[in-house]
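Let chain U serve as the given structure and place chain D on it in line with the hints.
Protein chains in written order, with UniProt numbering: chain U, 1 to 355; chain D, 1 to 355.
If you are wondering where the hints come from, they were derived from the structure by calculation, not from laboratory data. Each hint should be verified, as a subset may be incorrect.
Remember, identical chains collapse to one label, so a pair may be satisfied in a single copy or spanning two.
Listed below are the simulated EDC-like cross-link pairs for lysine to aspartate or glutamate, each with C-alpha atoms no more than 16 Å apart in a straight line [claimed, not checked]:
1. 342 with 247
2. 355 with 308
3. 64 with 86
4. 156 with 320
5. 355 with 302
6. 355 with 58
7. 169 with 255
8. 169 with 340
9. 355 with 86
10. 355 with 106
11. 120 with 135
Since we're looking at a predicted model, the values are computed, not measured.
Letter by letter, the chains look like this.
Number of protein chains: 2
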Amino acid sequence: MTNALPQGATIGILGGGQLGRMLSVAASRLGLKTHIFEPGANPPAGQVADAVTTAGYEDEAALKAFAASVDVITYEFENIPTAALDILESLRPVRPGREALRVSQDRITEKDFLTGLGLKTAPYAAVDDKVSLDDALQSVGTPGILKTRRFGYDGKGQSRIMAPEDADKALADMAGAPSVLEGFVNFSHEVSVIGARSADGQVACFDPGENVHRNGILHTTTIPARLNISQRTESVILAGQILNALDYVGVMGVELFVTPEGLIVNEIAPRVHNSGHWTQQGCTVDQFEQHIRAVAGWPLGDGSRYADVVMENLIGDDVDRIPQITMEPCSSIHLYGKAEAKPGRKMGHVNRVVK
Amino acid sequence: MTNALPQGATIGILGGGQLGRMLSVAASRLGLKTHIFEPGANPPAGQVADAVTTAGYEDEAALKAFAASVDVITYEFENIPTAALDILESLRPVRPGREALRVSQDRITEKDFLTGLGLKTAPYAAVDDKVSLDDALQSVGTPGILKTRRFGYDGKGQSRIMAPEDADKALADMAGAPSVLEGFVNFSHEVSVIGARSADGQVACFDPGENVHRNGILHTTTIPARLNISQRTESVILAGQILNALDYVGVMGVELFVTPEGLIVNEIAPRVHNSGHWTQQGCTVDQFEQHIRAVAGWPLGDGSRYADVVMENLIGDDVDRIPQITMEPCSSIHLYGKAEAKPGRKMGHVNRVVK
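Just chain U, with the same shape it has in the complex:
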């Protein structure tokens, strides 16, 4: 732990949502403080952080003061503006690094990177206008899904093309944004691997979880996932390959489709991931602590699992069920401190331990 942050050091976190909140709590377990940078007022993470800066990513003075007050910088979301990163990087280490952000901020760049590693992805083609969409429909075929190349999450910025006649509406849905047509993959289920890599190149992965989505948003993750031993091994090796190729430091979520032809990478997220929330109950070191350990230069923890868990997201008015959930046996509730429940908004999650 020669270059490890000492007790009392401060981790700067870009983004003050639930991921930043749970990262902050994990940092506290290691005797580290956090400072949250977030444009929105009263961020959930601010309730459990040592300091909060409320400022926009274009506010150079605020970015500089924030960087000066912390020892290392990390983030809870990948869409950090490039200009802000330039300022922050010039003052403090930003982990995971620039390459991970560059690759994951753009769906085409990400897929080019993954196929370049020899990994399988859905068939894809860039779409910028009617002409390139026609070409893409030729090469990728239908059904497919048109997605904006950047800034998509939780099913936002996506439009299905079940047959060629849906193409015009889908293109209009993109509102002129550079896009990508992805072919449908015939998968039996989706799993995700939460992998981690330390500053000195150590790699560790949590057990893969099996994901079920509803309305484009993660609904449940179940551990263990339905995978045979070779799929399980392949999923972990593949995650390690991605982490090493990016010289990555921190936790990454890797979503995989399970198909008869093998594992296909759906997408990667250079941060702690919703499908890794189950680790809070099933492991002695959860994904949040694993991420903090990595960015703080600590050795990775033992993320081996000692319980079966089903994680369920609480979305929008699911929070009305809190009174019942609090009385359930063997369940651990995690609420994010958000003032208002809106449709599609992630308000919390429950980890149910299966004995």
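Frame of chain U, contents of chain D only:
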């Protein structure tokens, strides 16, 4: 949950040490905020709290402003000055209530209360001076231990009397403070029960843990404790009896000596307890969340255990072992964010899950 605190409500916590810190983190999991009141600057709990008041317990204005800013008040230590309590109680509910504090702040009052319930304690007698010490030595006998009636913790304010000739030194050690002579109990081991009682009188206890002390400070707690089924049942019934008799709301630690003649109550603590830290790894709801649930008027959680755990305290320069501990398999480290490691100071703990 009719009278339960809603999402975003604030819990005031008196005391900003590690217990307040872990209570604050637990509150965040339930979507609740915390406000720490602590005389010392930069309290560990302040690093993960929504607000901190740095003021003394004699500062009426600060106490009033603190109370006005929170929905309910709880505490991490039992020695809260009475005048401060009077002010706080007049403005907001204080949980656990006054009776629990009155009983546990004085070793004689506590033992009178326990024996009044028909529970066994060590033989004891009040000691105020040489004359009453001689009487006490007659009735209690030697070996015994002379303790101040108030403000003792972690072996502080205690002096052993192995034979009558140690009496004068022991009395001098008390420096004139009202004291109690407790007879030695011939016990095989010590266990503790962490019990909880909700605002509507529901009672739940965690599995008893077995404690080992070093230099008067808790060293390890091992779950499960060595208890047969009738001792296990008795320990839980006895804790429930104490909680009900005090009309208690919150978590309480009950330390018990295991003897051939049955269970003997060593002492009770009206707060979360060091010997309950193992619950952070072995249960879906830990002692900190259980306490927050109770004081917030929520139903108690299911504290049933799904793993065996050994908790070890990190005292003073034990923190030098952190680099090794972070690399241990199946161990979860919890550090308190204290700036300086002093001899006897609790710096953190490790929960080792036994698979």
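A quick look at each hint next to the structure:
| no. | hint | verdict |
| --- | --- | --- |
| 1 | 342 with 247 | neither (38 Å within a copy, 39 Å between copies) |
| 2 | 355 with 308 | both (7 Å within a copy, 13 Å between copies) |
| 3 | 64 with 86 | within (11 Å within a copy, 47 Å between copies) |
| 4 | 156 with 320 | neither (25 Å within a copy, 48 Å between copies) |
| 5 | 355 with 302 | between (21 Å within a copy, 13 Å between copies) |
| 6 | 355 with 58 | neither (49 Å within a copy, 50 Å between copies) |
| 7 | 169 with 255 | neither (28 Å within a copy, 70 Å between copies) |
| 8 | 169 with 340 | neither (33 Å within a copy, 63 Å between copies) |
| 9 | 355 with 86 | neither (48 Å within a copy, 46 Å between copies) |
| 10 | 355 with 106 | neither (41 Å within a copy, 43 Å between copies) |
| 11 | 120 with 135 | neither (21 Å within a copy, 85 Å between copies) |
Of the hints listed earlier, those the structure fails to meet are numbers 1, 4, 6, 7, 8, 9, 10, 11, in rising order.
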